[in-house]
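Taken in order, the sequence shown gives residues 379 to 642; the numbers are from the working numbering.
It cannot be assumed that every hint is accurate.
[To be verified] Okay, derived cross-link-like pairs now, DSBU-like style, lysine-lysine, Cα gap no bigger than 35 Å in a straight line:
| hint | residue 1 | residue 2 |
| --- | --- | --- |
| 1 | Lys433 | Lys396 |
| 2 | Lys601 | Lys414 |
| 3 | Lys396 | Lys483 |
| 4 | Lys396 | Lys509 |
| 5 | Lys396 | Lys414 |
| 6 | Lys557 | Lys509 |
[Claimed, not checked] Pair by pair, the computed Cβ-Cβ distance ranges are:
| hint | residue 1 | residue 2 | range |
| --- | --- | --- | --- |
| 7 | Ser622 | Asp435 | 24 to 32 Å |
| 8 | Pro389 | Asp450 | 23 to 31 Å |
| 9 | Ile402 | Met522 | 19 to 27 Å |
| 10 | Ser417 | Glu501 | 14 to 22 Å |
I should point out that these hints are in silico values taken from the structure, not numbers from a laboratory.
Beta carbons are placed, not taken as given, at the ideal position from N, Cα and C, and that holds for glycine.
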Amino acid sequence: MLMRKKREVDPRAPVPLKLPPHPIPVSWGKVIAPYKPQSEIDAAFEALPDCVHVKRDIVADAETLHASLGGDFLAVHANPPWDIERSPDRGGVTVEDIARIPFEKLAPYGFVFMWVEKENLSEVCDVMSAKQFGYVENMTWVQMRPNNVIANSDATYLARSHRTMVMFRRDCRAFPAAKAVELRHQRSADVTLDALATTKTGRRAIPAHVYKAMETLLPEAYKVGHPGKLLELWSEPGPEGRRSGWTTVADAAAAKKKGPGKKK
């Protein structure tokens, strides 16, 4: 049995950063938006066109979601607050809860983008396979701190330093109409390094370019002036959860709960 050598790193040691000679190239810089008061930011979100934002008890109302939200979405983006021990934004959602959500009725010929943890990755894939959604690809978000160091958090077995968004597509062999969905392939990396930020509710904020990647992949999902065909489950409540072309659903049950999720 071969064992890889493990490099011991002192987390308290200084991190050297070598700067290029003056003048520093533009590629080293990062564009920072000018400061805006929160009221102005919220007003801009509220003014976004073609956006529907609602609250639902997603798990309790799972069987009727397609009746209230519609059943012709091209993609569903799900960011469940998983009931996983030591998860940074632990909630009360289990794999069994995901199995109850009718993705096959919400996006009968489309895609499902779901954020998973390493503890339940295989189980989620099994659930989606039973709903006749096949695995296509995944995107890994390596979480970085402001000092450009990977953000490690506690986990049961190994440190938690990244999140994975798995892409599923409706089985084209069983549902030939799924082949008609127009896709726009893009040259974007499947691993992204981005800062770890939190939302008002304390959850890890999904990087904006992840939404852009989904919208680019499905060019027919949204046309300005028309309701979009993109659905997000477990979005942020209030103005922060709004996005043009999307129907965003905040979890009413989560708003009533505080603290860690259900105990196993």
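Violated hints - listed by number, lowest first: 1, 3, 4, 8 and 10
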